[in-house]
Amino acid sequence: MTVREYKLVVLGSGGVGKSALTVQFVQSVFVDRYDPTIEDSYRKQVEVDKQQCMLEILDTAGTEQFTAMRDLYMKTGQGFILVFSIIAPGTDDDLIGLQAQILRVKDTDRVPIVLVGNKCDLEEDRRVPRGRGESLSQRFGAPYYETSARTRINVDEVFHNLVRQINRQHPVQDKKKIKCKIL
Amino acid sequence: MATRKSVGAGAAMARGAKDDPVRQQLTQALFSESSSRDSETLLTYLKIYEEEKAGKDIRTLDMKSLTGKKGGDRSSKILSKPRYLCMTLKANGKVRLHKVKKTSATSFHIGRTWHLDEIKSIENVDAKKLTVNINRVYNWVADAPDVKNDFLMMLVKVLRSNLKRLPTLINIDEAGLLTQFSNARDVTSSPPATRNRRAAPSLPTAGAGKMAAPGGGGQGAHGGHGGGSGQGSFTQEFDHRLSVQTDRMRKAAASDMGSSMTIATAGAGTSAQAAGVGAAGSGVTPDTASTKTHDEMEPLDEEALLNLEELLYDMDLSAATGEEGGGGVALETRLMNELNSLEMANIYAIIESDDKIKEVMNELDKGIEELDDMDNWLFMYRQELDNMGDDIRQIESQNRGLQVQTSNQASLLRDLENLLATITIPERVLETLRKASLDRDTGLRELEQAAAEVQDVLLSKYDEGVAGMTAVRGRMEMYSYQCNIFATRLFDFLKTQLQNHVEAHLNDKQRVLAKGFVVMFGYEPLEQYFAKYRGLLVWLREMEPRRYTDLQMLYATNMNRLYRKDIKEFFAVLSAHHIAKLEKPEDSEFIFGATYHASLIARGGSVLRESLSSPGELSGRIPWRKRSTREVHDPNSATAARLMNSHLAESAHKFAVGADEKLAVDEVFSQCLAIMTLVAARQQNYLMDLFTLAKAMSMRMFIDDPPSSGDWDTARKPVLDLKASKRLAQLMGTLFDGLSVEFINMIDIGVKNEGVQSAGMLIAVERTQKEYVETDQVHINTMLSQLHTKLVGLFEKYVEDQLKLIEETKHKTKRKGILPFMRTFPRFAERMESLLEGHEEATPEARKLVTQSYDRIIRAMFESTESVAKETLDFDDKEQGSHVVNIENMHHFVSELRTRKIQGLDNYVKYAKSSYDRHLDIYIHAMVRRSVGKMLDFFDGVEGLVKTKATEDVAFHLSYNKQALKKVISNFPANSIRKDLAHLYKKVEKHFASDEDGSLVGIAWRGIEEEFIRQHNRFARLIQSCYPDAGVSLDFNMQDLLAFFSDIAKQHS
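Listed in order, the protein sequences are those of chains A and B. The opening position of the first sequence corresponds to residue 1 in full-length UniProt numbering, with each subsequent residue numbered one higher. The opening position of the second sequence corresponds to residue 1 in full-length UniProt numbering, with each subsequent residue numbered one higher.
One or more of the hints may lead you astray.
[To be verified] Quick list of simulated restraints, FRET-style, between CB atoms:
1) A:96 to B:409: 42 to 52 Å
2) A:44 to B:848: 28 to 38 Å
3) B:848 to A:3: 24 to 34 Å
4) A:122 to B:528: 33 to 43 Å
5) B:745 to A:44: 32 to 42 Å
[Said to hold, decoys possible] Lysine to any residue pairs mimicking SDA-like chemistry, simulated, CA-CA at most 25 Å apart:
6) B:565 to B:582
7) A:44 to B:718
8) B:717 to A:27
9) B:726 to A:105
10) B:987 to B:1007
11) B:726 to A:96
12) B:495 to B:738
13) B:717 to A:150
14) B:726 to A:150
15) A:44 to B:720
16) A:44 to B:733
17) B:726 to A:74
18) A:44 to B:719
19) A:44 to B:789
20) A:44 to B:773
21) A:7 to B:729
22) B:695 to A:73
23) B:726 to A:73
24) B:695 to A:122
25) B:717 to A:40
The hints are simulated quantities; they were obtained by calculation from the structure and are not laboratory data. Don't be surprised by glycine CBs; every beta carbon is placed ideally from N, CA and C.
Can you build the whole structure from these sequences, using the hints too?
Below is the structure:
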């Protein structure tokens, strides 16, 4: 049985925890220091809905100076994880532009997206109310999760949900259909 | 009783007298027809007392004190609220009921208004009491039963005429009401009698009552008579009243004319009637009704009643004492007397008291004035006190507020001071950050402390309020700015230092490699120098992660210049001077198709040849055999390095090679690999420590507990997370970007020169991989696996090439002797084994690969040998030739590999041996048949017959009779056998001419000898058994035969 490949892209402002989220998912380790990413990609095989999936996760640069490649990976990515930090106001607003850019690059209004409010273990420092996330979620038409890369809350759920969304949008092609080309 | 009666009578009289005014008042106050358009006309009214459920707040008339003597059940009833129940006719003909309350002497107020149809039920409870259910139940008690009945009858009539459906009438007998009136008129004889009898004693009382009233005694008597006379005209009055009332209703409905007149008449009528009713009521219910009437008379005017009672009390006393007959006169007299005396006393009192009163009044006035003054003073004083009290309270509350404020301010001050203390960084600290030297150790320590302090302040968490304060924000900004400046200073400084150091090393003339001096120098001084800045780098990572990352890249790119140069030089010198090269690649002794042979070795050749051909020498050359562990710090070279750079303690990895020595590529490769991986591993460990990648910590943590500087030469276990290890691998990739290129170049050079080198290099790579597999050296592992993949491919290509060469041998013209690949293979196998020897566990993949290659090559060789043998053209007898080729090659294979004892090849050796045995056997048989073929045929036939027939019968067979036997034997005389054998030997010798050691000739000849002896024995046995009596025997006996062979052996020994 062949393993289907999924190209997932993690987007968001600088320091919201994209890498931490990704590394936590891939390696189950929390990266506790801040080290601005330029671009990293990770591969991990997971089972979603009893189906083996090879996830190729592109961890992108949140900081403005590294954003030149965005169009490129938006073109190649199949699903997007939009991350903001619940303790950093403004990181949620940044996602609006990113989402618009994705839709523009993809030239469609149905792109698999998951909205993520990270750092939910820091509830006492919360500056972005949950309602804000939910309203963004409605606006994007994307599910909203509050995650914690530190305590591994909802991390798997985010990635699995995205895989399911991609599956729904592009169901696995039936092999029979391809074979029917024989004349 | 008498008292009550007199009261009742008096009250009735009073009411009778007041009747008109009430009605008038009501009309005037509420129902004046001209007052408004929707005015109403009063039809009739009934004075009632509304019976309430016992409520304490309802003021009630204390009937007990009045009715004390009678007492009884009634006293428990609590009655109050005199009201007037008015029935009115509206202009539109609607009749309504109003409950009216008297608010003052002349004004009235309508409490409630009901339409007739709202009445649910009317119950006539007893003589004076009625219960009406209008929305709720009202218990009303009228003054007198007849008044009530009168009203009730009116009400019922009106109801009948106005409503379709009557309310429930309970205990109301309309007919009875009517008859009651007619009875009252008709029956005048007996009831008045009883009434009179009863009322008689009260008459004077009533008179007295009247007398007490302002009207005087005479009037009272008249009133009493009036009451009596009123009884007579009762019925008339009633009829008249009815007619008046109906008349009024009609009139009211039609117009409002003549109302005043009607009222006047009605008033007059009613007054008369009221008196009559009072009498009639007492007549109808003699026992209770009369008393009741008195009891419930006038609760309104309490004072009047009390006065009256007092007076009556006096009267009563006198009445009780007086006689019935003459009592009146006596009383009158007495009263007159009393009156006179009173009058006199009164006048006297007035005259007497006049002056004194004045005086007293004056005094009293004075006293009052004084008291007023005092009162005023007291009032004022009180006011003053109140004011003062207010002031005091105000001051007290202000005081409390002030206290709270003071304590708040004090704690605020404390908090602010604390805050300020926590967020203030002494100027000297900032000064240190700005000015302290980065170059000196003391300055560095100061800087570390200062940086830690600033970081503590900047990174500590403040709650939102504090963090939002302008002062705090301002300070934070200021400190951030200072940090930024310092970060820039640090960054620039380290950048410059780095570049300087690298330049210095690049220009170091002493680091020049030469033939025989191939060294990879270490950079300990540089490493030590930058390791001093570990703390500040930790700080930089927390404060300015971008600069920190930039610095990492900067370090990697700068060091890369050094390493790139060093590595390039290292490899260049090696390949220029120390890599042995074959003059022609075809000269390789490991090319299966080549006609390389011993003569070439005999020629002497290069060091390479020797090193490759003798296993002992080989193992000495390969570094990992020579050194049990990685003793890279060659004492000699280290000393040399130290001598060269006396001020720097630099390590150096020297390549073990003599000045003029040349080594095989795989050997050079494995040494290089060992040295370079050590250098790279050390560099990675250094990087990890320099940038403290393994642990996140603040400057403070670093100062308090500085992480130990680990052993950089020992490979470490993986500890980093994925992202960090990726970053590290990236840095390493930048640092050593030239390394894998050099290795690949070397591989290419080596393989181009001699394909078999790939195996040696592959094993070297695999061995190194094994060393690093469990470490964190991601970069090295990646590089090694790349090299591994490449080498596996190259080795497989080499094997493929060899297989092709083996295949090609078939088509070569030379088809005898030991085939070239047969000669090559044992050397190849020996080389592989010697490379693998001792490292079986480390190199399972290489072993597998080699075993596979053996398998494929041997199969190809055997196949090729068979086909070459089959088609050999180099022999006059083709069949013999094919056997000879097989025998020769298999013999070579078996004998070569047997001595080498290579594992995994046993099966092939066995196969080769059996093939060799088979072919030798066939060859020997064939050779024997060549010389004594006919005899063999004959005896074979005899033997065949013996199997089917009895031995005696053989001689009778035509072709096997005695003559035939004799003929065959005569054909092979001993002499010719001898000659044949000599000839045969020559042939055998010729067959195996290409055999180098010549052992095969002896083996074959010995086989032939044995076969001859065996056949001789067989022939002799058959002759004896089949032809026992023929007396024939072979021309040569065993002795002859052995002699022939020993002769030949002697000739060729």
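Each hint tested on the structure:
About 46 Å separates the C-beta atoms of residue 96 of chain A and residue 409 of chain B, a value consistent with the hinted range of 42 to 52 Å. At about 30 Å, the beta-carbon gap between residue 44 of chain A and residue 848 of chain B stays in the expected band of 28 to 38 Å. Range check, residue 848 of chain B to residue 3 of chain A: Cβ separation about 27 Å, and the 24 to 34 Å hint holds. Between residue 122 of chain A and residue 528 of chain B the Cβ separation comes to about 41 Å, which falls inside the hinted range of 33 to 43 Å.
The supplied range of 32 to 42 Å is met by residue 745 of chain B and residue 44 of chain A, whose beta-carbon atoms lie about 36 Å from each other. In summary, the hint linking residue 565 of chain B to residue 582 of chain B is not supported, as the alpha carbons are separated by about 28 Å, beyond the 25 Å threshold. Between the alpha carbons of residue 44 of chain A and residue 718 of chain B the distance comes to roughly 19 Å, so the proposed pair stays at or under 25 Å and holds. For the given pair, residue 717 of chain B sits about 16 Å from residue 27 of chain A by alpha-carbon distance, which is consistent with the 25 Å threshold.
Distance restraint check for residue 726 of chain B and residue 105 of chain A: the Cα-Cα separation of roughly 29 Å exceeds the 25 Å cut-off, and the hinted pair is therefore not satisfied. For the hint linking residue 987 of chain B to residue 1007 of chain B, the alpha-carbon distance of about 14 Å falls within 25 Å, and the restraint holds. A distance of roughly 31 Å separates the Cα atoms of residue 726 of chain B and residue 96 of chain A; the hinted pair therefore is violated under the 25 Å criterion. Annotation: proposed proximity of residue 495 of chain B to residue 738 of chain B holds, straight-line Cα distance about 23 Å (limit 25 Å).
The suggested pairing of residue 717 of chain B with residue 150 of chain A holds, with an alpha-carbon distance near 24 Å, which does not exceed 25 Å. In summary, the hint linking residue 726 of chain B to residue 150 of chain A is supported, as the alpha carbons are separated by about 20 Å, within the 25 Å threshold. Taking the CA atoms of residue 44 of chain A and residue 720 of chain B, the gap is about 18 Å. The hint holds against a cut of 25 Å. Straight-line distance between C-alpha atoms of residue 44 of chain A and residue 733 of chain B comes to about 23 Å, which keeps the hinted pair within the 25 Å bound.
Annotation: proposed proximity of residue 726 of chain B to residue 74 of chain A holds, straight-line Cα distance about 23 Å (limit 25 Å). Only pairs whose Cα atoms come within 25 Å are accepted, and residue 44 of chain A paired with residue 719 of chain B is accepted, the gap being roughly 19 Å. Of the pairs offered as hints, the one joining residue 44 of chain A and residue 789 of chain B holds, with about 23 Å between alpha carbons and a cut-off of 25 Å not exceeded. Straight-line distance between C-alpha atoms of residue 44 of chain A and residue 773 of chain B comes to about 21 Å, which keeps the hinted pair within the 25 Å bound.
Distance restraint check for residue 7 of chain A and residue 729 of chain B: the Cα-Cα separation of roughly 23 Å lies within the 25 Å cut-off, and the hinted pair is therefore satisfied. Our distance criterion of 25 Å between C-alpha atoms is broken by residue 695 of chain B and residue 73 of chain A, whose separation comes to about 32 Å. Taking the CA atoms of residue 726 of chain B and residue 73 of chain A, the gap is about 20 Å. The hint holds against a cut of 25 Å. Our distance criterion of 25 Å between C-alpha atoms is met by residue 695 of chain B and residue 122 of chain A, whose separation comes to about 22 Å.
As the CA atoms of residue 717 of chain B and residue 40 of chain A are separated by approximately 23 Å, the hinted pair is consistent with the 25 Å bound.
In this structure, the hints that do not hold are numbers 6, 9, 11, 22, in rising order.
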